[in-house]
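J.: Here the protein sequences line up with chains A and B, keeping their order. Read in our numbering, the first sequence has 170 at position 170, and its numbers run on one by one without any break. Position in the second sequence counted from 1, then plus 238, gives you our numbering.
Treat the hints loosely; a few may be bogus.
For lysine to aspartate or glutamate, the following DMTMM-like pairs were computed, each having C-alpha atoms within a straight-line distance of at most 25 Å [what the hints assert, rightly or not]:
{"id": "1", "chain 1": "B", "residue 1": "Lys269", "chain 2": "A", "residue 2": "Asp136"}
{"id": "2", "chain 1": "B", "residue 1": "Lys269", "chain 2": "B", "residue 2": "Glu247"}
{"id": "3", "chain 1": "B", "residue 1": "Lys298", "chain 2": "A", "residue 2": "Asp92"}
{"id": "4", "chain 1": "A", "residue 1": "Lys227", "chain 2": "A", "residue 2": "Asp193"}
{"id": "5", "chain 1": "B", "residue 1": "Lys269", "chain 2": "A", "residue 2": "Asp133"}
{"id": "6", "chain 1": "B", "residue 1": "Lys331", "chain 2": "B", "residue 2": "Asp301"}
{"id": "7", "chain 1": "A", "residue 1": "Lys127", "chain 2": "B", "residue 2": "Asp341"}
{"id": "8", "chain 1": "A", "residue 1": "Lys224", "chain 2": "A", "residue 2": "Asp211"}
{"id": "9", "chain 1": "B", "residue 1": "Lys276", "chain 2": "A", "residue 2": "Glu130"}
{"id": "10", "chain 1": "B", "residue 1": "Lys269", "chain 2": "A", "residue 2": "Asp135"}
{"id": "11", "chain 1": "B", "residue 1": "Lys276", "chain 2": "A", "residue 2": "Glu74"}
{"id": "12", "chain 1": "A", "residue 1": "Lys33", "chain 2": "B", "residue 2": "Asp302"}
{"id": "13", "chain 1": "B", "residue 1": "Lys269", "chain 2": "A", "residue 2": "Glu53"}
{"id": "14", "chain 1": "A", "residue 1": "Lys55", "chain 2": "A", "residue 2": "Glu130"}
{"id": "15", "chain 1": "B", "residue 1": "Lys269", "chain 2": "A", "residue 2": "Glu108"}
{"id": "16", "chain 1": "A", "residue 1": "Lys46", "chain 2": "A", "residue 2": "Glu108"}
{"id": "17", "chain 1": "A", "residue 1": "Lys38", "chain 2": "B", "residue 2": "Asp302"}
{"id": "18", "chain 1": "B", "residue 1": "Lys339", "chain 2": "A", "residue 2": "Asp159"}
{"id": "19", "chain 1": "B", "residue 1": "Lys273", "chain 2": "A", "residue 2": "Asp133"}
{"id": "20", "chain 1": "B", "residue 1": "Lys339", "chain 2": "A", "residue 2": "Asp92"}
{"id": "21", "chain 1": "A", "residue 1": "Lys33", "chain 2": "B", "residue 2": "Asp301"}
{"id": "22", "chain 1": "A", "residue 1": "Lys46", "chain 2": "B", "residue 2": "Asp341"}
{"id": "23", "chain 1": "B", "residue 1": "Lys364", "chain 2": "B", "residue 2": "Glu252"}
No lab work stands behind these hints: they were computed from the structure.
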Amino acid sequence: MSEKRKKDIQRIKELESINLATDDIRELVVQTKIKVEKDNELLARKNNEELREHKIKSVDIVGAIGAGKTALIEKIVEILSEKYRILVICGDITTRVDADRIQAHNAESIQINTGRECALNAYHIHKIIENKDLDDYDLLFIENVGNLICPSEFTLGTDTRITVVSTTEGEWVIEKHPMLFKMSQVAVINKIDLAERLGTNIPKMLKDAKDINPDIKIITTSAKTGKNVNKLIEILEL
Amino acid sequence: MKDLLKQLEKLLNEKDLDLSKIQDLKTEILKNHIKGLKIENYIGDYPTFMEPVILGDSVKIGDDVLIGPRVYIGNHSEIEDYAEISNSIIFDKVKIGSNFKLDNCIIIKDSKLNFDNFSNTNGILKGVADSEDELEIISF
Numbered sequence: 001m002s003e004k005r006k007k008d009i010q011r012i013k014e015l016e017s018i019n020l021a022t023d024d025i026r027e028l029v030v031q032t033k034i035k036v037e038k039d040n041e042l043l044a045r046k047n048n049e050e051l052r053e054h055k056i057k058s059v060d061i062v063g064a065i066g067a068g069k070t071a072l073i074e075k076i077v078e079i080l081s082e083k084y085r086i087l088v089i090c091g092d093i094t095t096r097v098d099a100d101r102i103q104a105h106n107a108e109s110i111q112i113n114t115g116r117e118c119a120l121n122a123y124h125i126h127k128i129i130e131n132k133d134l135d136d137y138d139l140l141f142i143e144n145v146g147n148l149i150c151p152s153e154f155t156l157g158t159d160t161r162i163t164v165v166s167t168t169e170g171e172w173v174i175e176k177h178p179m180l181f182k183m184s185q186v187a188v189i190n191k192i193d194l195a196e197r198l199g200t201n202i203p204k205m206l207k208d209a210k211d212i213n214p215d216i217k218i219i220t221t222s223a224k225t226g227k228n229v230n231k232l233i234e235i236l237e238l
Numbered sequence: 239m240k241d242l243l244k245q246l247e248k249l250l251n252e253k254d255l256d257l258s259k260i261q262d263l264k265t266e267i268l269k270n271h272i273k274g275l276k277i278e279n280y281i282g283d284y285p286t287f288m289e290p291v292i293l294g295d296s297v298k299i300g301d302d303v304l305i306g307p308r309v310y311i312g313n314h315s316e317i318e319d320y321a322e323i324s325n326s327i328i329f330d331k332v333k334i335g336s337n338f339k340l341d342n343c344i345i346i347k348d349s350k351l352n353f354d355n356f357s358n359t360n361g362i363l364k365g366v367a368d369s370e371d372e373l374e375i376i377s378f
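Using the sequences and the hints given, assemble the complete structure.
T.: Right, dumping it as C-alpha cells:
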C-alpha cells in the first residue's frame, strides 16, 4: 500500500462528514460511503434470510445509554425463556456488563465490544451467526450500542427494530432523533413510573413518534416494575 | 486450555505434520475452550472484539482492528492496523502487518510477517517474512 493511499484512508477514517473532505479526495469519500452502506444493506438482507431459514425470530433494540434496553431485555427473557431458546447479542464500546446481566436470566449472551465504532453493523451480526449452530435457537435479540444516532446508519437484518427512549431523557428526545424512529417498527417509552415525578410530557412524545412514523407502534413501559412488558411481547408477536 | 495449546504446538513442531490432527485440535480449542472476553492486558486503542476472544499478556493491537469470534492471541504478539482475525490461534511473539485478514488460521510462535495487505483462510503460517513469497503457508 503506498504512503499516499494510507494517508487517504486515514483521512477518510477520521472524517465524520463528507463535507470535511478536501476536494482532492471528496469523490473517493463519497464512493466509499455509498459502497459501505450498500454492502451493509446486502449483508443485512442475507442475515435475515439466514435467520428465517432457521425459523429464528429476531429483534434489535436501540436507544441511548441508560434508556433501559438491557433491563427490558432482562424482563422479556425472564418471561420468554421457557417458550424460546434465546440468543442475545450485546453491543457496547467496552465491558461485558450487559451480556453478564442477561446471561443470569437463562439466555445465552454474546458480547461485541465495538471499540471506536458507535454502532453494530450487519457484518458483526453476520460473523456471529456464521459461527453459531442456528438450530440451537428460536429467538434472537440484539442490543445495539447505546446512542440514538449511529445505529440509524446500519440495519442488522432483524425482523423488528425497537427504539427505546426513557422519560428521564426529556420530552424532546424523539423529535430530536427522528432517523431511528423512521426505521423502527416499535417505539418504547420506558421508565414510565417516573413520568409523573419528572413532569415529562408523554402525549408530546407519543405524538412526535407518530408524526415521524405513522406506522410505528408505541408503548410505554417500566422495565423496573414490569409494567406493560407483557404488552410489548404481544406487540412483538412473541 | 494451556495444555491443549502445548499439545497443538507439539504437533506443529513435528517434522511431518498431521494436518487432520492439527485441525481437530484447533477446532476443539476454539469451539470449547475459548470462552467470553479475556482482553484485560492488551496495549492499544479500542479495537472491536467479538467474543469469544482470549488475549495473552502485552498483546499490541493497532487501530481499526477486528478480532473474533473464536480467537486466541498469545503473549507479546503484535497486530497492526486494519487487521481482521477470526477462528484463529496466534501463538506467542508473533507479529502481523497491517490489513491482514485471517480466518481459520494458526500462526506459529515467533513468526514475523513484516508486510501488509494479506489474506488467508484455512492455513498454518510460519516464518520470518518480509513478503508473502517468503512466508511458509501450509493449507488445511
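J.: When you check the alpha-carbon spacing of B:Lys269 and A:Asp133, does it fall within 25 Å?
T.: With a Cα-Cα distance of about 11 Å, the restraint between B:Lys269 and A:Asp133 holds, given a limit of 25 Å.
J.: Starting from B:Lys276, check that the Cα of A:Glu74 is at most 25 Å away, please.
T.: Roughly 24 Å separates the two Cα atoms, so the pair holds.
J.: Against the 25 Å threshold, does the CA-CA distance of A:Lys46 and B:Asp341 hold or violate the hint?
T.: holds (20 Å)
J.: Quick one, are B:Lys269 and A:Asp136 close enough, alpha carbons at most 25 Å?
T.: holds (15 Å)
J.: For A:Lys33 and B:Asp302, compute the direct alpha-carbon distance and say whether it is at most 25 Å.
T.: holds (16 Å)
J.: Do the alpha carbons of B:Lys339 and A:Asp159 lie within 25 Å of each other, as the hint requires?
T.: It is violated: about 30 Å lies between the C-alpha atoms, which goes past 25 Å.
J.: Are the Cα atoms of B:Lys269 and B:Glu247 separated by 25 Å or less?
T.: holds (18 Å)
J.: Hinted pair, alpha-carbon criterion (25 Å max): A:Lys55, A:Glu130. Please report holds or violated.
T.: holds (15 Å)
J.: Verify the proposed pairing of B:Lys276 with A:Glu130, using a straight-line Cα cut of 25 Å.
T.: Within the cut-off at roughly 22 Å; holds.
J.: Given the proposed pairing of A:Lys224 with A:Asp211, does the C-alpha separation stay at or below 25 Å?
T.: violated (28 Å)
J.: B:Lys298 and A:Asp92 were given as a pair; does the straight-line alpha-carbon distance stay at or below 25 Å?
T.: holds (21 Å)
J.: Compare the distance between the alpha carbons of B:Lys339 and A:Asp92 with 25 Å, and conclude whether the hinted pair is satisfied.
T.: holds (23 Å)
Hints 8, 18, counting from the list given before, are not met by this structure.
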